[in-house]
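Number of protein chains: 2
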Amino acid sequence: MEYETPLFFHVMGYAARADGDVIDMVSGNPDWEPPAALREALHEYADLEPDAFQYPPSEGMYELREEIAARRGVDVEEVVITHGAGEANYLAMARALERDSGSEIVLTDPVYSYYPGKTTMLGGTPRYVATAADGQLDPADVRDVASAETAAIVANSPNNPTGAVYPEETMRELVEIAEEYDAILISDEVYDHYDLSGNFTSALAFDSDHRIVTNAFSKSMAITGFRVGYAIFPPHLVENAKSRHMLVNVAGSRPSQYAVYHALRETGPEYYEANRDLLRERVDSFTAALDAAGAEYTRPEGSFYVMARFEGFPGTLENTERLIDEAGVAGMPGEAFGSARSDWLRFALVTPRVDKAAERLAAYFE
Amino acid sequence: MEYETPLFFHVMGYAARADGDVIDMVSGNPDWEPPAALREALHEYADLEPDAFQYPPSEGMYELREEIAARRGVDVEEVVITHGAGEANYLAMARALERDSGSEIVLTDPVYSYYPGKTTMLGGTPRYVATAADGQLDPADVRDVASAETAAIVANSPNNPTGAVYPEETMRELVEIAEEYDAILISDEVYDHYDLSGNFTSALAFDSDHRIVTNAFSKSMAITGFRVGYAIFPPHLVENAKSRHMLVNVAGSRPSQYAVYHALRETGPEYYEANRDLLRERVDSFTAALDAAGAEYTRPEGSFYVMARFEGFPGTLENTERLIDEAGVAGMPGEAFGSARSDWLRFALVTPRVDKAAERLAAYFE
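Protein chains in written order, with the working numbering: chain A, 1 to 366; chain B, 1001 to 1366.
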């Protein structure tokens, strides 16, 4: 069995090895501060007794599951703490495919690079639905490819890479389609704290046995390296997901879970709001420079990313590397996100030098 | 698809809910101190800049891989840092099954509880080989079940649950059998620092393209909750394993890897020797009490465990719960480790109250 390897690490490696000064806009690693309470909790943890250094419960620290359940309005038994959103999506897709209710997974195009690889690794077949120019997903298009063969529909809002935030009506219809075809809507909501539009709607808003919600603290707390995420399963799907989690990873990382639990309890809304404000400023200055460079782009409604198209400069891996070497800006090739935007480049607004990068792009393409 | 869930968490839960004072000898969670350097490194990490809180390289922190490669005498490119030995074994078994060279995985009986579940979850079929009364594995018996259908042979020395340490000759023959049948020897060496016999031989002692070695710092540093392990793959098998690791977990937990890296560099042999001495003392006092109780048992050559059989008291889940309620000692039922020792109970020597537990057992069974 072969499966696709995402290009992220290749491009990151290329940028790191480049000679000149390169502004890294490759992957979604926040450059801002984690919550202060997270650092404090890690110090506290480092001095605990040895028993605090041993396996947490396989499905995650109970207090953390309780805190998440209370915030999301679900039963604690439905919450499984995972090794980031990555494992949460893996468990959700595996669970959907193991129901013997189809082997196709409906993905959008453009698509987050990990979904196709997870699908094929798990023995499923991806079916793609193109989104509109602004990244919005038309549920009617999803319905067109849905069938008895549909095991799952994967939605990601706020979206990586397009920045689209799906309105309530879209989320409602996606849940309905999943129910109609006895499939599972997997709603990856990892950018929920970076909704700049105010339109974000969680799939949890719709009571259904046919949806799994995945999320993580990686982006919301600026700790992609801690690997703490979660999935919320309908009661009848949760046990088997817990078993797979146990058989793959045994349990999550306890120092990470401990730190996240305290940060979650002790961090107020102003922390998250300040990060959104920072992102808004960066969107403004970056898109202004894209205007100056004559690029086509969509202003993101959420997440960290701007996709842009430069006339005569398709977003191939080769051109991405050229941009690193000649302009000193590292983005991701559009071809890493399916076929619909292979002419585009994706830039992650996670560097204090967004302005500088924008200047460099404007100068390079003018 | 259904797969077996290990009984550990069930028994741990039962023991935790029990009314009286229960001595926990259920799972292999060390009760001794982690290396001092590990605590220091965690403090240091908590104060680093935000970029140190983001994704480590998917295959693990480079410095940690280098340190492991140097100690194990392999090329750094063969080392993948995993989420504990659990993920390392999962990746190794997946890789063996994906080679299209058989779908059977040869396991010992008694067997470490997670192996059968991983095998069936990955679509493989377990084939069991009974070990001798002392836990030793006869390579001739492995050869008897090996065939073109054999994808992998899983060996665990020092062994959980029997405490057996396989001699060099056994390891050599297991590698030879794997080569002969184009299979992979997966050598799980997570208890290598707890060899009390001096007979431990790593599968790395034999140069071969047909062996994968898995290990972790969970036991050696008394940090089962940190989830840092590794696998050493032959060069031609490593790329695909890295892809699966990336598609399941993206990357490992960085605070854990950072702490382990510093602890590995800064901890001398006296730390590990002191833990072995502690274990030796516990083996002595526990087996003395088993003698007093008239139990049958095998004195462990390594790992944390003693398996014992009490006349007229088979090691069922029911009897395990009875022992928790009536004697205040929590072990694991033998039936959790295959069929060969279903009459036995397993006790983990990871409590300062080993003496007290031994007294209770002697009193209960006398």
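It should be emphasised that the hints constitute simulated quantities derived from the structure, not laboratory data.
These numbers were taken from a predicted model, which means no experiment stands behind them.
Note that the Cβ used here is the ideal one computed from N, Cα and C, for glycine as well.
One thing to keep in mind: the hints can contain errors.
Label pairs and their in silico Cβ distance ranges [claimed, not checked]: (1) A/ASP207 - B/ALA1205: 57 to 63 Å; (2) B/PRO1314 - A/ALA70: 51 to 57 Å; (3) A/GLU273 - B/HIS1043: 43 to 49 Å; (4) B/ALA1205 - A/SER147: 50 to 56 Å; (5) B/HIS1043 - A/ALA70: 49 to 55 Å.
Results of checking the hints against the structure:
no.	hint	verdict
1	A/ASP207 - B/ALA1205: 57 to 63 Å	holds (58 Å)
2	B/PRO1314 - A/ALA70: 51 to 57 Å	violated (44 Å)
3	A/GLU273 - B/HIS1043: 43 to 49 Å	violated (30 Å)
4	B/ALA1205 - A/SER147: 50 to 56 Å	holds (54 Å)
5	B/HIS1043 - A/ALA70: 49 to 55 Å	violated (31 Å)
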